[in-house]
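Peer 1: Residues per chain, in single letters:
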Amino acid sequence: MNAALDVQGLTTRFATRGDAVTAVNDVSFTVQKGRILGLVGESGSGKSVTGFSIMGLIDAPGEVAAGKVMVDGQDLRALSDEDMRKMRGNRVAMVFQDPMMTLNPVLRVGDQMAMAVRVHRKMSKAAALKEAQRALETVGIPSPEERLRAYPHQLSGGMRQRVAIAMALLHRPSVIIADEATTALDVSIQGQILAEVRDLADQTGAAIVWITHDLGVVSSLADDICVMYAGRIVERGTAQQVIDHPRHPYTQGLLDSIPALHEPGKHLPQIPGSTPQLSRLPQGCPFRPRCPRATEICATVPPADTKDGQTVLCHHPLE
Amino acid sequence: MPDTLTPDSEVIATPSAPPAETRAMRLRNFWFDYRQSWVAMVALTVIGVLLVGSFGAPYLVPQDPYDLANLDWMDAFLPPGSVGSGEYTHLLGTDNAGRDMLSAILYGLRTSFMIGISAGVLALAVGITVGLTAAYFGGRIEALLMRIVDLQLSMPAILLALVMVAMLGQGVPQIVFALVVAQYAYFARTTHGAASVERRKDYIEAARSTPLPTWRIMFRHLLPNVLPPLIVVATVQVASAISLEATLSFLGVGLPLTEPSLGSLISNGFKYIHAGRYWLSIYPGVFLMITVVAINLVGDQVRTVIDPRNSR
Amino acid sequence: MTDPILKIENVSKRFTRWPGMAERLVGKITGGGKPVTVHALSDVTLHVSQGEVLGIVGESGCGKSTLGRVVAGIYAPSDGSVTLKGDPIVREHGNRIDKLTTQVQMIHQDPFASLNPRMKVGETLAEGPRYHRIIPSGKVREGMRELLEKVGLEGAYADRLPHQFSGGQRQRVAIARALAMKPEVLVLDEAVASLDVSIQAQVLNLFMDLRRDLGLTALFISHDLSVVRHVCDRVAIMYLGRLVELAPADELYADPKHPYTAALFASVPTVGTGKRKFEAIKGEIPSPINPPPGCAFHPRCPLAGPRCRVEAPRLTGAGPARTVACHLNDGGVDTKAETAA
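Residue numbers (this note's numbering), protein chains in the order written: chain S, 3 to 321; chain G, 14 to 325; chain V, 4 to 344.
Mixed in with the good hints there might be a few duds.
[To be verified] Below, in silico cross-link-like pairs of lysine to aspartate or glutamate (EDC-like), each with a Cα-Cα straight-line distance of 20 angstroms or less:
| id | chain 1 | residue 1 | chain 2 | residue 2 |
| --- | --- | --- | --- | --- |
| 1 | V | K285 | S | E148 |
| 2 | V | K185 | G | E218 |
| 3 | G | K214 | V | E193 |
| 4 | S | K127 | S | D113 |
| 5 | V | K285 | V | E62 |
| 6 | V | K102 | G | E218 |
| 7 | V | K123 | G | E218 |
| 8 | V | K10 | V | E187 |
[Stated by the list, open to error] Some but not every residue of chain V turned toward chain G, in silico, with C-beta under 10 angstroms:
| id | residue |
| --- | --- |
| 9 | G23 |
| 10 | M24 |
| 11 | R72 |
| 12 | A75 |
| 13 | N98 |
| 14 | D113 |
| 15 | P114 |
| 16 | S117 |
| 17 | L118 |
| 18 | T127 |
| 19 | E130 |
| 20 | Y134 |
| 21 | P165 |
| 22 | R180 |
| 23 | M184 |
| 24 | V190 |
[What the hints assert, rightly or not] Label pairs and their in silico Cβ distance ranges:
| id | chain 1 | residue 1 | chain 2 | residue 2 | range |
| --- | --- | --- | --- | --- | --- |
| 25 | G | L157 | S | R282 | 44 to 54 angstroms |
| 26 | V | G89 | S | R295 | 52 to 62 angstroms |
| 27 | V | N293 | S | V108 | 24 to 34 angstroms |
| 28 | V | P38 | S | A17 | 49 to 59 angstroms |
| 29 | G | V306 | S | E147 | 50 to 60 angstroms |
Calculated directly from the structure, the hints in this document are not laboratory data. Bear in mind that the values here come from a model prediction, so they are computed numbers and not experimental data. Cβ coordinates follow ideal geometry from the N, Cα and C atoms, glycine included.
Can you make the complete structure from the sequences, with help from the hints?
Peer 2: Here's what the structure looks like:
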């Protein structure tokens with residue numbers, strides 16, 4: 003068993019005026035070394051909060067209320083704040099939608115990368131710069147020596163995102179979490195980066211959690227897919243299983259509403275209604291009011307996780 | 014409530030709507046957030062008491078300090094707590110003309126409030142117009158208006174106000190005008206900053222492409238969206254208008270002692286402070302300080318509450 | 004084909020940023036501080052027929068949004084003209100731009116930014132028609148209710164503020180606002196890009212229904228090739244401010260002629276193709292401040308030849324209703340001298 007990342011029963015709550023909402027509700031998944039897990043969901047599904055919870059980046063009024071986050075067999079939740087800080091950027095790293103969350107606008111790329119290297123490892127600045135250059139090469143940045151001398155604002159959006167990914171790679175982390183990392187980029191640049199990410203997982207053996215709303219991206223990038231809805235993982239399986247044979251009506255609905263799979267000009271099958279507010283979830287199955295397969299039991303009993311194979315959180319899964 | 018089964022007509026027929034959040038609810042939420050700071054609650058209470066005390070002064074205090082017929086030479090310089098010829102206790106003593114200090118302070122506070130609030134409101138109106146015009150039209154108009162504003166902001170407000178009062182003479186309208194001239198620039202700056210951001214948003218573009226006339230876009234679309242930060246600036250500017258007016262009066266160019274504001278009271282009492290008659294100057298000063306600090310504290314809390322970064 | 008109602012003729016749009024006073028002063032010493040000009044649109048000609056939906060596709064910096072704003076009357080073209088049924092859309096008064104028609108309406112990308120957050124939805128909808136007397140004043144309220152129902156919302160929602168709506172609902176309101184003006188032409192600028200997939204399908208269905216019921220003519224601007232294919236009759240592909248290919252949707256998708264179009268198709272990750280490899284376009288999108296000489300795409304083009312580096316390709320016919328701007332379609336990528344040799 004060499005699961006690089008093992009998340010069990012992760013639950014994150016946010017206190018708002020008066021009451022609390024559960025943004026991430028009993029989420030469990032594992033990612034093996036060198037595999038890419040696609041975490042898919044629409045806005046408000048809790049996919050990003052899951053990423054932040056793993057990284058220990060949830061601030062008040064939010065709180066990780068329960069669960070285990072095991073990285074290489076070590077529970078991150080049991081660590082002190084100080085030890086967690088040492089883990090971040092070292093064993094676990096995160097790539098954000100906006101690369102400027104990672105990059106410091108007033109430092110040269112090389113300087114801040116060297117600094118990031120030397121935070122966790124003792125070495126000379128020259129050696130750290132070598133290390134930085136190697137990381138830039140890994141993500142396919144042309145003429146890396148030149149880029150090291152550039153300031154972030156002198157780089158294009160795609161290049162900045164590559165630098166952010168390179169920074170995440172500096173310490174050859176076991177786990178990389180990417181939150182909508184290519185969403186803001188143009189398709190041609192996104193294509194380049196996705197190709198690099200695929201190679202990275204194969205070469206470095208990092209376990210990657212790729213959080214996105216784009217089913218097209220995960221279906222071509224990920225090995226495994228988890229679909230989130232209203233804070234829960236409603237379906238989990240290999241990419242092929244989930245895309246080709248979705249079993250949860252929600253996954254089916256999502257796939258159906260992609261225009262590329264339909265004859266032009268025809269009505270698209272649509273999921274009625276909109277994503278529920280977490281503070282007002284219906285009893286029973288949260289997808290029930292929008293579900294074509296719902297019956298009486300769905301209104302009262304929340305479906306349980308079967309915890310093996312292609313799991314699906316549904317009373318009436320598709321065969 | 015029993016949860017009905019499918020078809021859940023409301024949800025299926027149309028995308029479900031979140032519960033209607035009314036203005037009253039938003040106000041309740043604002044109040045909920047505001048209450049979180051006890052300091053701000055105390056400040057708000059203090060302002061309330063001061064407002065009631067000063068505007069209700071004619072009904073609350075034993076003496077009308079404007080009415081010279083009420084003053085008695087024999088009562089001059091009575092220390093706090095003495096009983097004078099009117100057979101009531103002068104809680105804060107009397108001044109050199111025999112005025113009851115508490116009465117004078119509350120009347121003075123009323124003048125200060127009126128000047129501060131009217132100067133603040135007028136400066137707000139002028140500043141909004143200048144700032145919105147600059148932000149909406151941009152180009153040369155913006156450059157010209159904002160350079161004038163910058164120039165004014167680089168000068169101390171007190172200097173500007175002094176020059177204005179020297180030119181216009183004494184009196185309440187003159188003081189208000191001087192304060193507006195000295196302070197509108199803060200509003201113009203803030204409006205311009207907020208409006209320049211809003212100006213670039215799509216809803217303004219949508220209004221332009223409808224098309225709607227310029228004045229309508231400026232005052233119906235732009236203005237309501239730049240108001241929140243202005244409310245904060247307005248509270249703080251009322252406080253600073255009050256202290257600016259007090260400064261002018263203290264320097265002797267503001268209001269005459271026959272029409273006392275807090276500043277003229279402090280100024281008047283200052284002459285006697287070395288003679289040990291501290292109460293003539295200190296108590297109006299304390300009231301001024303409490304007023305200004307309380308308004309600023311309220312402004313700070315309002316800023317914290319309406320800051321979108323704090324919204325949950 | 005019927006006579007086009009919307010004519011975009013040789014439209015160019017340049018944005019010039021003049022340096023501020025401080026920059027000019029510093030510029031005197033350092034040699035900088037000169038005005039910077041961006042060529043957002045270069046010589047674009049497009050005709051749209053009544054009832055047609057024309058897709059405009061491209062990546063950032065290709066000028067598709069600028070084109071939409073020129074058509075919607077927010078910018079005036081630097082050169083060329085945009086006319087609706089023969090009448091210009093805007094008039095320029097020095098710095099000021101007056102939009103002359105209510106017949107072209109725009110729907111923005113982000114419904115969280117395109118609705119005035121402090122105005123009730125009903126008022127947002129009614130404002131334009133009331134001002135321009137498009138609906139008799141006695142019937143405005145009633146008209147707004149009908150409109151809300153037409154876009155799939157309840158008439159009672161008119162009294163709500165935008166923040167009480169979800170993204171999809173807001174986009175419906177934005178569509179209703181545009182329809183309230185009874186326009187001939189709609190400009191949709193990435194109108195479904197910021198919506199969740201399930202909501203996107205709802206809004207696309209709504210658009211297709213409205214189009215059928217009202218006979219709408221539209222410019223559908225998007226970066227999403229599959230969405231464009233689904234709703235558009237013809238598609239224009241843009242790159243760095245220029246039109247590179249124009250073709251009926253089914254022909255374009257079946258057989259892209261321009262190498263950029265082909266590369267764009269190849270780099271989109273799509274569900275269901277089983278594709279595990281990305282054929283990414285190499286290189287970065289050049290800056291529109293300094294576009295490459297010759298064909299703007301040549302530094303990234305796998306098929307570029309010497310001619311592409313020096314000569315900009317013209318749009319030439321490539322079938323009955325198609326045009327493409329590529330030397331491959333116009334005598335080859337070798338320079339004339341080399342062809343002769």
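Peer 1: Of the numbered hints stated previously, which ones are contradicted by the structure, given in increasing order?
Peer 2: Result: no hint breaks.
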